[in-house]
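Undergrad: Below are the chains, spelled out letter by letter.
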Amino acid sequence: MFLIHCPYCGEREQSEFKAGGEAHIVRPKQPTELSDDQWAEYLFMRKNIKGVQFERWVHTHGCRKWFNMVRDTSNDEIKAIYKMGEKPPTKYK
Amino acid sequence: MKNKYSIISLIKNSFSYHENWQKAWGDPDPKKEYDVVIVGGGGHGLATAYYLAKKHDMKNIAVVEKGWIGGGNTGRNTTIIRSNYLWDASAGLYDHALKIWENLSQELNYNVMFSQRGVMNLAHNLQDVRDLKRRTHANRLNGIDAVYLNTEQVKNFCPIINTSPNIRYPVLGGTLQRRAGTARHDAVAWGYARGADEMGVDIIQNCEVKGIKRSGDGVEGIETTKGFIKTKKIGVVAAGHSSVIANMAGLKLPLESKPLQALVSEPVKPIIDTVVMSNAVHAYVSQSDKGELVIGAGTDDYVSYSQKGSHEIVEGTLNAILELYPIFSRMRMLRQWGGIVDICPDASPIISKTPIKGLYFNCGWGTGGFKATPGSGDLFAHTIANDEPHKLNAAFNLNRFVSGDLVDEHGAAAVAH
Numbered sequence: 001m002f003l004i005h006c007p008y009c010g011e012r013e014q015s016e017f018k019a020g021g022e023a024h025i026v027r028p029k030q031p032t033e034l035s036d037d038q039w040a041e042y043l044f045m046r047k048n049i050k051g052v053q054f055e056r057w058v059h060t061h062g063c064r065k066w067f068n069m070v071r072d073t074s075n076d077e078i079k080a081i082y083k084m085g086e087k088p089p090t091k092y093k
Numbered sequence: 001m002k003n004k005y006s007i008i009s010l011i012k013n014s015f016s017y018h019e020n021w022q023k024a025w026g027d028p029d030p031k032k033e034y035d036v037v038i039v040g041g042g043g044h045g046l047a048t049a050y051y052l053a054k055k056h057d058m059k060n061i062a063v064v065e066k067g068w069i070g071g072g073n074t075g076r077n078t079t080i081i082r083s084n085y086l087w088d089a090s091a092g093l094y095d096h097a098l099k100i101w102e103n104l105s106q107e108l109n110y111n112v113m114f115s116q117r118g119v120m121n122l123a124h125n126l127q128d129v130r131d132l133k134r135r136t137h138a139n140r141l142n143g144i145d146a147v148y149l150n151t152e153q154v155k156n157f158c159p160i161i162n163t164s165p166n167i168r169y170p171v172l173g174g175t176l177q178r179r180a181g182t183a184r185h186d187a188v189a190w191g192y193a194r195g196a197d198e199m200g201v202d203i204i205q206n207c208e209v210k211g212i213k214r215s216g217d218g219v220e221g222i223e224t225t226k227g228f229i230k231t232k233k234i235g236v237v238a239a240g241h242s243s244v245i246a247n248m249a250g251l252k253l254p255l256e257s258k259p260l261q262a263l264v265s266e267p268v269k270p271i272i273d274t275v276v277m278s279n280a281v282h283a284y285v286s287q288s289d290k291g292e293l294v295i296g297a298g299t300d301d302y303v304s305y306s307q308k309g310s311h312e313i314v315e316g317t318l319n320a321i322l323e324l325y326p327i328f329s330r331m332r333m334l335r336q337w338g339g340i341v342d343i344c345p346d347a348s349p350i351i352s353k354t355p356i357k358g359l360y361f362n363c364g365w366g367t368g369g370f371k372a373t374p375g376s377g378d379l380f381a382h383t384i385a386n387d388e389p390h391k392l393n394a395a396f397n398l399n400r401f402v403s404g405d406l407v408d409e410h411g412a413a414a415v416a417h
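Protein chains in written order, with the numbering used here: chain A, 1 to 93; chain B, 1 to 417.
This is chain A alone, in the form it adopts within the complex (with noise of 0.2 angstroms):
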C-alpha cells in the first residue's frame, strides 16, 4: 500500500485508486486499416517495464478523475504524477 497524490484531490490512500496500465498508447486513428499485428500490439502488447514505468491511474472512490503518474515499478516509488493531457515529465523518458 502506498499514497498517492490525485492532482484533483491532494493525497489519499492507494485503495481509494485503480491502477489503469501503461499511458500514452495512442488509440489507432484509423481503426479500420489496422492489420492484425497493429491491432494486436495496441490490444495486448506491453512494455512492462521493471523501472521507471509511465502509466494512467483513476481516482474511483474520490474524484473519479483519471490522470498520469511515472513509477518505479521495481519499488513502488512514485516519481511524478500529471494530468492528462499535459506532456509527460521529460527526465524521466
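Hints may contain errors.
[As the list claims (entries may be wrong)] Listed below are several chain B residues computed to face chain A (Cβ distance under 7 angstroms; list not exhaustive): (1) 256; (2) 302; (3) 306.
[Claimed, not checked] For lysine-lysine, the following BS3-like pairs were computed, each having C-alpha atoms within a straight-line distance of at most 27 angstroms: (4) B:308 to B:31; (5) B:230 to A:50; (6) A:79 to B:308; (7) B:31 to B:12; (8) B:210 to A:93; (9) B:232 to A:47; (10) B:353 to B:32; (11) A:47 to B:308; (12) A:79 to B:252; (13) B:2 to B:99; (14) B:232 to B:32.
No lab work stands behind these hints: they were computed from the structure. Please read all numbers here as calculations on a predicted model, not as lab measurements. Virtual Cβ for every residue (Gly too), placed ideally from N, Cα, C.
With chain A fixed as given, assemble chain B onto it according to the hints.
TA: Chain B only, in chain A's frame:
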C-alpha cells in the same frame, strides 16, 4: 550416478548422523557453449531441462538462475494442483500435467508429497452455479473427473464451511475434482534438479542474465553475471521477469507482471483435509502437512516487481475466509509474502516459439503455474528440441494474440485478475 533414495538408504545414513548424504546437484561454473540454455531455475525451467535430457537425448544443457533454484514463484505459490479448466486446449494441457504428477515421485525417486485430497470450487450466486455446472460438463466431456455438489454435499465434504443462507455470499453449491490436490513445492524443484543433474545438466545458480546476443534472425548467446555463454537455443522460463528478458532481445510480450500474495497461519491440528477455492469472494485455503493453513490472496491491479502487495488485498481475503470459516476467527497468521506473476490477457500461458529463431518462451502462467509444472516442462522441452510445438501446446502460441484465437480461462483461473 545418484544413490537411490529408499528406506535402506535412510537407515544407512542414520548411522552417520545424516552427515554424509550425497550432494543432490552440483555447483558447476558455466562452460563456454551449450546446445540449449534454460533461463530460470524454477520448477518449470528445471523440468524443461530434465525432459530435454531424458526424452530428447540432449546432453549439453545449462539452467541459469539469478538466485537459487526454486526461490521464485516455485517457492511462493499455494501448491494447488488441478486440471478442471473449461476449454479443450486447457483441459489437454493441465490434465497432461496432472497425469505426470500422479507418478512423479516414483519417476524422480524424490518424494514430491503429491496428495490427491481433492479441490472444491464454491458457487456463491446464480451465475457461479451456471458457470460451474457448465465447466463440470465440459470437464467430463474431456475425460476429466468432476462432479457438481449441492450445498448439503459441500457441507458433508468439508464440514467446517459455513453454509448458512444468511451470510453475505451464501454457498449455493460447488464442484469437486477428486484427483486434484497439493504437492510439496520445493521438492518439485529439488527433485527435477537432482534428476537433471544426474543426466549431466549444468545447474548454474547466482547467474543473472544481463543481455541476449542476436545474430541475423537468430540468437548467439547470453550475457550473464558469470560471463558470456554461447548457445543457439534459449528457453526462457522466467515467470514475472519474462518481459524483462524479452525486452533484452527486442521482443514485446502481451504480459503484465503483478504482485500475488499468500499467507500461512500458525500450525494447528488437522482441520481441513481438502482444498477449497472460492472465486466470487476470493478466498482459498488448504492445510499443509505441517498444520499451517495455506491461504491464497489476490493480485494487485498495478504492475510491480517489488514482491510485496497491498494490505487491503490480504484484508479482503481474510474477511472472506472468516465468513466462510468462522472457526478460524482466532487463528494467527505467521507469514505473508508476495510473488510476481506474469499475466496474459486471456489468463492462459504461452509455450511458444518466437519470431526470433532459437528463442523460446514459456510464460504467462499468471496466478496458476505450479499445477502445470511437469506438463509445462515436458511440452516446452518438446517445443525446443523439435522447433515445433507438441499438439498439446500448439494452441498456446504467441501468435494467438494476432490471430485472435485466444483461450479465455478467466473463469477457471480462480484468482481474479
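Undergrad: Would you mind marking each hint as holding or not holding in the structure?
TA: Status of the hints after comparison with the structure:
1. For residue 256 (chain B), the shortest C-beta to C-beta distance to chain A is roughly 6 angstroms, which falls under 7 angstroms, so the interface hint holds.
2. Hint on residue 302 (chain B) holds. Least Cβ distance to chain A is approximately 4 angstroms, under the 7 angstroms limit.
3. The beta carbon of residue 306 (chain B) is positioned within 7 angstroms of a beta carbon in chain A (closest approach about 5 angstroms), and the interface hint is therefore held.
4. Simply put, residue 308 (chain B) and residue 31 (chain B) have alpha-carbon atoms about 36 angstroms apart, too far for the 27 angstroms limit, and the pair is violated.
5. At roughly 26 angstroms between alpha-carbon atoms, residue 230 (chain B) and residue 50 (chain A) fall within 27 angstroms of each other, so this suggested pair holds.
6. The hinted pair formed by residue 79 (chain A) and residue 308 (chain B) meets the criterion: a straight-line CA distance of about 19 angstroms does not exceed 27 angstroms.
7. Distance restraint check for residue 31 (chain B) and residue 12 (chain B): the Cα-Cα separation of roughly 36 angstroms exceeds the 27 angstroms cut-off, and the hinted pair is therefore not satisfied.
8. With a C-alpha separation of about 21 angstroms, the suggested pair residue 210 (chain B) and residue 93 (chain A) falls inside the 27 angstroms cut-off, and the hint holds.
9. Using a Cα cut-off of 27 angstroms, the hinted pair residue 232 (chain B) and residue 47 (chain A) holds, with the two alpha carbons roughly 26 angstroms apart.
10. Using a Cα cut-off of 27 angstroms, the hinted pair residue 353 (chain B) and residue 32 (chain B) holds, with the two alpha carbons roughly 25 angstroms apart.
11. For the proposed pair residue 47 (chain A) and residue 308 (chain B), the alpha carbon gap of about 21 angstroms is at most 27 angstroms, so the pair holds.
12. Between residue 79 (chain A) and residue 252 (chain B) the alpha-carbon distance is near 24 angstroms, which keeps this suggested pair within the 27 angstroms criterion.
13. Under the criterion of a C-alpha separation no larger than 27 angstroms, the hint pairing residue 2 (chain B) with residue 99 (chain B) is consistent with the structure, at around 25 angstroms.
14. With a C-alpha separation of about 12 angstroms, the suggested pairing of residue 232 (chain B) with residue 32 (chain B) holds against the 27 angstroms cut-off.
Going through the hint list in order, the structure does not satisfy hints 4, 7.
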